[in-house]
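Enquirer: Next come the chains, spelled out residue by residue.
2 protein chains.
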Amino acid sequence: MKAHIITIGDEILIGQIVDTNSAYISKVLNAIGVSVYQISSVQDDRAHILESFAFAKANSDIIIVTGGLGPTKDDITKSTFCEFFDDELVFNQEVLDHVEHLFKKYVGKPLLEANKTQALVPSKAKILKNNFGTAPGMWMEQDGKVFISMPGVPHEMKGLMEHEVLPSLKERFHLPYILHKTLLTYGMGESSIAERIEAFENELPKEIKLAYLPSLGRVRLRLSTSGAVKEDVDAAMEAQLEKLVSLVDDIFVGYEENGPLEVLVGEALTAQGKTLSIAESCTGGSVVQRFTSNPGASKYLIGSMVTYATQSKVDVLEVDKDLIEKHSVVSAEVAEAMAIQVKKLYNTDYAITTTGNAGPTKGDSDVPVGTVYIGIATPNGSTAHHFMMGNHRKRVVEKTVNKALELLHEEISKN
Amino acid sequence: MKAHIITIGDEILIGQIVDTNSAYISKVLNAIGVSVYQISSVQDDRAHILESFAFAKANSDIIIVTGGLGPTKDDITKSTFCEFFDDELVFNQEVLDHVEHLFKKYVGKPLLEANKTQALVPSKAKILKNNFGTAPGMWMEQDGKVFISMPGVPHEMKGLMEHEVLPSLKERFHLPYILHKTLLTYGMGESSIAERIEAFENELPKEIKLAYLPSLGRVRLRLSTSGAVKEDVDAAMEAQLEKLVSLVDDIFVGYEENGPLEVLVGEALTAQGKTLSIAESCTGGSVVQRFTSNPGASKYLIGSMVTYATQSKVDVLEVDKDLIEKHSVVSAEVAEAMAIQVKKLYNTDYAITTTGNAGPTKGDSDVPVGTVYIGIATPNGSTAHHFMMGNHRKRVVEKTVNKALELLHEEISKN
Numbered sequence: 499m500k501a502h503i504i505t506i507g508d509e510i511l512i513g514q515i516v517d518t519n520s521a522y523i524s525k526v527l528n529a530i531g532v533s534v535y536q537i538s539s540v541q542d543d544r545a546h547i548l549e550s551f552a553f554a555k556a557n558s559d560i561i562i563v564t565g566g567l568g569p570t571k572d573d574i575t576k577s578t579f580c581e582f583f584d585d586e587l588v589f590n591q592e593v594l595d596h597v598e599h600l601f602k603k604y605v606g607k608p609l610l611e612a613n614k615t616q617a618l619v620p621s622k623a624k625i626l627k628n629n630f631g632t633a634p635g636m637w638m639e640q641d642g643k644v645f646i647s648m649p650g651v652p653h654e655m656k657g658l659m660e661h662e663v664l665p666s667l668k669e670r671f672h673l674p675y676i677l678h679k680t681l682l683t684y685g686m687g688e689s690s691i692a693e694r695i696e697a698f699e700n701e702l703p704k705e706i707k708l709a710y711l712p713s714l715g716r717v718r719l720r721l722s723t724s725g726a727v728k729e730d731v732d733a734a735m736e737a738q739l740e741k742l743v744s745l746v747d748d749i750f751v752g753y754e755e756n757g758p759l760e761v762l763v764g765e766a767l768t769a770q771g772k773t774l775s776i777a778e779s780c781t782g783g784s785v786v787q788r789f790t791s792n793p794g795a796s797k798y799l800i801g802s803m804v805t806y807a808t809q810s811k812v813d814v815l816e817v818d819k820d821l822i823e824k825h826s827v828v829s830a831e832v833a834e835a836m837a838i839q840v841k842k843l844y845n846t847d848y849a850i851t852t853t854g855n856a857g858p859t860k861g862d863s864d865v866p867v868g869t870v871y872i873g874i875a876t877p878n879g880s881t882a883h884h885f886m887m888g889n890h891r892k893r894v895v896e897k898t899v900n901k902a903l904e905l906l907h908e909e910i911s912k913n
Numbered sequence: 499m500k501a502h503i504i505t506i507g508d509e510i511l512i513g514q515i516v517d518t519n520s521a522y523i524s525k526v527l528n529a530i531g532v533s534v535y536q537i538s539s540v541q542d543d544r545a546h547i548l549e550s551f552a553f554a555k556a557n558s559d560i561i562i563v564t565g566g567l568g569p570t571k572d573d574i575t576k577s578t579f580c581e582f583f584d585d586e587l588v589f590n591q592e593v594l595d596h597v598e599h600l601f602k603k604y605v606g607k608p609l610l611e612a613n614k615t616q617a618l619v620p621s622k623a624k625i626l627k628n629n630f631g632t633a634p635g636m637w638m639e640q641d642g643k644v645f646i647s648m649p650g651v652p653h654e655m656k657g658l659m660e661h662e663v664l665p666s667l668k669e670r671f672h673l674p675y676i677l678h679k680t681l682l683t684y685g686m687g688e689s690s691i692a693e694r695i696e697a698f699e700n701e702l703p704k705e706i707k708l709a710y711l712p713s714l715g716r717v718r719l720r721l722s723t724s725g726a727v728k729e730d731v732d733a734a735m736e737a738q739l740e741k742l743v744s745l746v747d748d749i750f751v752g753y754e755e756n757g758p759l760e761v762l763v764g765e766a767l768t769a770q771g772k773t774l775s776i777a778e779s780c781t782g783g784s785v786v787q788r789f790t791s792n793p794g795a796s797k798y799l800i801g802s803m804v805t806y807a808t809q810s811k812v813d814v815l816e817v818d819k820d821l822i823e824k825h826s827v828v829s830a831e832v833a834e835a836m837a838i839q840v841k842k843l844y845n846t847d848y849a850i851t852t853t854g855n856a857g858p859t860k861g862d863s864d865v866p867v868g869t870v871y872i873g874i875a876t877p878n879g880s881t882a883h884h885f886m887m888g889n890h891r892k893r894v895v896e897k898t899v900n901k902a903l904e905l906l907h908e909e910i911s912k913n
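Chains as they are written, first to last, in this note's numbering: chain H, 499 to 913; chain E, 499 to 913.
Hints are computed from structural coordinates only; laboratory data are not their basis.
It cannot be assumed that every hint is accurate.
Short, incomplete list of chain E residues facing chain H, as computed with Cβ under 8 Å [what the hints assert, rightly or not]: (1) 621; (2) 711; (3) 768; (4) 795.
Note that the structure is a prediction, hence the values are computed from the model and not measured.
Where is the CB? At the ideal position from N, CA and C, for every residue including glycine.
Work the whole structure out from these sequences, hints included.
Expert: Written as structure tokens, this is what we have:
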């Protein structure tokens with residue numbers, strides 16, 4: 499089964515928003531055995547939407563459409579659906595009741611005329627209930643091809659996918675089992691890895707695909723396969739994983755499907771009953787934010803600081819002022835002192851710190867842009883590492899966060 | 499001039515990565531007067547790439563292709579280009595010299611065989627120099643249509659767009675002037691705004707388009723237009739902006755084109771010579787991260803804390819333990835005390851704080867999931883505000899960050 503995702507809305511095409519919906523839809527479709535053939539972002543324009551519907555129908559079995567369902571005048575999806583399906587809009591009492599219920603509960607004001615139009619739906623559509631908003635989802639069929647329309651607001655779309663679309667697709671189609679396993683590796687480039695695993699790659703059975711996914715200081719290696727029988731697919735994958743992991747054992751830190759590195763670190767800390775604190779300078783909160791964006795961080799993360807100004811490192815973190823003057827605020831000595839201090843202040847088992855210059859201009863230190871020190875304190879002592887992270891602000895920050903997580907993972911794995 | 503952006507790579511279609519490249523490319527193309535007709539993400543598959551090339555060529559003048567240019571075996575873009583253009587790969591000494599230079603400078607190891615293949619390029623292609631990586635960009639033409647191929651690694655693609663692609667497009671085509679202005683509004687829903695500005699919308703000249711972009715506690719209103727003469731376009735836009743702003747004056751905080759709200763706050767603080775500190779609980783570093791992701795934050799941001807555990811609010815932030823026990827850690831009293839304390843510790847003019855329960859489970863407090871207090875301390879005093887932010891962790895955090903920025907903006911604007 500192949501799907502085509504169509505997102506409608508000029509805001510994607512003028513670069514005002516990033517299309518995160520399609521990534522989510524692709525992921526959950528893959529998980530139930532539907533492969534995504536193409537993602538298309540098209541204009542809020544009748545002719546263009548019709549053209550993309552026809553193109554998608556020719557190539558795919560399931561066409562998922564998001565966007566263009568709001569109550570305001572720039573939304574034209576519904577009327578275009580009517581044109582494509584030779585249908586007309588009819589009034590749906592169930593949808594109106596739901597819209598009225600939402601207004602009573604959350605808005606506390608009477609319904610506006612614009613909201614009432616949301617109860618107009620194509621007569622041939624099966625309605626999919628939107629628990630988180632006023633615009634309903636719709637399911638229509640033509641020549642055995644399924645068209646699904648959902649609003650573009652991410653949490654409304656996600657609710658519809660989870661509660662309505664995925665269960666209905668599983669019921670409607672007989673779907674295969676798709677499996678991806680992605681090895682996270684750190685510290686070696688794409689080409690070097692490719693050279694090292696060349697023989698493995700040449701001998702891969704053709705139903706298993708290997709992809710290299712390089713990004714800022716790490717390379718992910720993804721094996722993908724599918725089949726009718728889950729047990730057979732799992733066993734075939736397991737056999738290849740065993741070979742591949744043994745070849746990259748020194749740079750392998752875990753599987754992405756088990757969660758990103760910060761989740762692996764958090765799980766290891768929780769399992770060991772250990773705690774963490776963080777002090778950041780150049781990364782400006784990006785390290786702590788990576789941890790707290792996952793539920794459960796409160797089990798091991800006690801607290802953190804962003805000591806952005808040099809004075810705050812002295813006043814609040816209580817790093818020795820003479821040490822800073824002697825070695826500069828961007829130095830191994832200060833990174834290590836920050837780790838010792840924040841560990842003490844928050845009374846934790848582990849601490850990780852960053853100090854550096856992410857650019858674009860030099861800050862409170864004379865070091866070149868891209869210079870970074872990462873400090874670590876553990877139950878067994880403390881240390882600091884030096885890196886040059888290039889001269890692009892966002893990448894310096896992201897590389898530093900990745901490296902800090904990697905160093906912390908390494909330290910925790912020792913225990 | 500219309501462009502079609504084609505991204506090649508299974509990682510987007512299985513939902514492993516979000517396609518941020520296309521948003522960037524769309525934005526910079528728009529800025530030089532090229533409108534993006536469609537964005538398509540297609541599989542690493544010869545036939546599919548060829549089909550998408552033909553479709554794009556039929557509808558657009560400029561076809562921008564990213565991805566599939568790496569040194570490893572899963573990359574097939576170049577051979578498919580040869581097939582489409584009836585061309586063959588030839589060896590390019592200039593590219594090889596550049597690859598060797600990069601290896602000598604950054605890798606310090608001899609070239610691998612895989613890297614040498616990057617010097618093979620279609621004979622009809624004009625080479626675009628990639629300053630940040632080994633895979634060159636390529637420019638090819640057919641029937642007056644321009645095809646541009648770039649690697650998918652974001653910073654390499656951005657470097658190529660900025661230094662090679664945009665200047666060449668401006669030289670090759672006579673481009674119009676495109677203008678977008680986006681009003682940031684807070685505190686009113688999409689339908690209510692639509693009702694209020696209905697007359698304005700009905701009277702808009704047809705060459706100016708209005709779009710509503712709602713998201714988590716705010717609605718952005720975008721006016722878009724284009725034309726041959728910059729001065730005329732600017733004047734027509736200015737006339738409409740004046741009307742629109744006067745209609746939404748009470749909810750208008752600024753133009754998105756001037757930067758996001760945290761940039762407006764930062765600029766106001768810098769202009770007033772004032773400083774800021776932050777203490778976060780439920781937002782876990784997302785507030786400080788919003789500020790530090792922009793260059794120049796060090797001019798006004800002294801430091802921040804994430805006091806995730808209750809104990810850390812007492813030990814490090816020095817909030818009175820009895821106050822926490824009396825009112826609960828998620829309370830107006832604690833939010834305000836956090837603001838007073840962090841302002842004092844970092845010795846700043848303003849402070850903003852968050853405490854709440856973002857879920858999914860109850861934390862150190864008995865309040866329901868979604869309960870949030872935001873505390874503010876200013877040169878004139880301190881206060882706290884109460885909100886219910888729903889029950890979805892990520893949205894609770896994002897809404898809280900937006901609200902904190904909005905409250906801070908309001909306070910700073912008073913001075």
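Enquirer: Now tell me if each hint is right for this structure.
Expert: Results for each hint:
The closest approach between the C-beta of residue 621 of chain E and any C-beta of chain H is roughly 25 Å, which is over the 8 Å cut-off, so the hint fails. Taking 8 Å as the C-beta cut-off, the interface hint given for residue 711 of chain E holds, the closest approach to chain H being about 6 Å. Interface hint at residue 768 of chain E: violated, since its Cβ lies 14 Å from the closest Cβ of chain H, which is beyond the 8 Å cut-off. Because the beta carbon of residue 795 of chain E sits about 7 Å from the nearest beta carbon in chain H, less than 8 Å, this interface hint is met.
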